[in-house]
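**Q** Here is what each chain is made of, one letter per residue.
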Amino acid sequence: MKDSLKSTIDQRKAVLDEVKKVLIERLNLYQEPQDIDEDTPLFGSGLRLDSVDATEVVVMLDMSFGIKVEEGTDPSFMRSINKLVDFIIEQKYSDAA
Amino acid sequence: METLSALHEANAKEMVEKNGITVPQSYSDFDKEYYALRKNIALSDYSHYTKIKLEGDEAFDLLDFAVAGDVAEIRDEQSLYTVMLDDKGEIITDLYVMNDDDTYIVLAEHVDDATMMSLLEERQGDFEDVEITSMTESHAIVAIEGPYAWELATEIYGMDVIGIPFLGFIALEDEQYLLRGGKHGEYGFKVILPQEQAATLWADFEEKGARYELVKAGLGLHSISRLENPYFTPQGSGQLSRDPRELQLQWMVRYDKEEFVGRDALLEKREQPLENKMVGFVVEKEGEDASIAVGDKVVCDGEEIGSIATVGYSPTMKKMIAQAFLKADYAYAGISDYAIKAADGSEKAGETIATPFFVNHSMLINPNEHSFVNPDKFRNMIEQLEAKKAEA
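Quick note, the sequences are listed as chains A and B, same order. Position one of the first sequence corresponds to residue 0 (numbering that gives the first Met the number 0), numbered consecutively onward. Position one of the second sequence corresponds to residue 0 (numbering that gives the first Met the number 0), numbered consecutively onward.
Derived from the structure by calculation, the hints contain no laboratory data. Virtual Cβ for every residue (Gly too), placed ideally from N, Cα, C. One or more hints might be untrue.
[Said to hold, decoys possible] Reference excerpt, derived from the structure (chain B facing chain A, CB under 8 Å, subset only):
no., residue
1, 80
2, 165
3, 333
[To be verified] Footprint (simulated), chain A over chain B, 3 or more residues, beta carbon under 8 Å:
no., segment
4, 324-332
5, 348-357
Kindly produce the complete structure, drawing on both the sequences and the hints.
**A** Below, the structure is given as structure tokens:
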């Protein structure tokens, strides 16, 4: 695996690991990190979060990643773990890239 | 009134046999049916679903042992979407388990009635106080699915429909159930009802659905809709793996449940590093490309890193999309270093992608604010925002 690809994957893995860890802590999820797949839905099915949990996710983005979600932001970033990670990478790293 | 199947035989374009039951494969043309599901309402017959009722003091215990999800999570008029595993921890089928006041109804699409009956009987063991009854022949399933399915459902079943949460249902009179759920990312309602009432309901939906531009549809369109919003299918991703970890379906399994078929094997596998994983893949170039097929290799700098499990053209994305079964070290979304090596030797550049592949139109519609037919309301969030901008 070439270095640039390894670096992209490592960055994503680091964000994924942090997201899973913080969600488990903040939402008291019973799962271990390896039990939560990246494409797991957050609401409806999957982790079956509710509207209170959605607020927690927004707080988590601020506290753990320094991302303030502005009013009117397309909420589809909360659709799955992977979508959340896409959003974090886009918000946090895209300007620097 | 004639039967629902007679109605289809006379009007559908193509019929197909699933689980020994004949239902429409298509009613008109693919695009028409597809866009009805994605933009308006598609009316379908899902009577091929196996439907089994479990009653008795030990119905819960049997089901909780038989499926990998936690049946204790579902209260009256709630359902669970989960999987049934074999003793190797591999998926036999996905299924819905509905709790109707401690009578349970199982709906399964990928096994026939006889197979599901024997799977339940095999798992029954000492759970003697359970009466298992097939509803497969006696009941049909008529479904309306699409961004405005909720609005049509309110016309027939009243405003309570709007309050039904995802995977919730209402037990109607005469052994009828209205279940909210679907495998496509849009609003969806399945009506489970006695066969003899199905044709009347179908006609009612058709008549009342005209102003929503409802389209009669077959099962054919789901080869794409279930790729766009990936769900377990034995004919698709299930051909390469039935392991919930590899398929990213661990959310359908409750590991901390004391006992269920497949648990020990799954827990053993869980201790091992994952070798392969299914991820979404979108081809960079727009348009249909018939040269890409299931089984094509996925490469990265000339190295083979996996293969294509399912592939098709997404009319919404206007691109070829796929589920790729990749070596776990490479199986992450947001990577644009990979390509599909087609049978003709050409390489199709693309990117791994978080699924579902796009934002479903239903996510832009709030039943409390929007409407397809009320001219005083906006049809969706985008129209609403545009109007706000124009006002400002």
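**Q** Check each numbered hint from earlier against the structure, then list the numbers of those it violates in ascending order.
**A** Every hint satisfied by this model.
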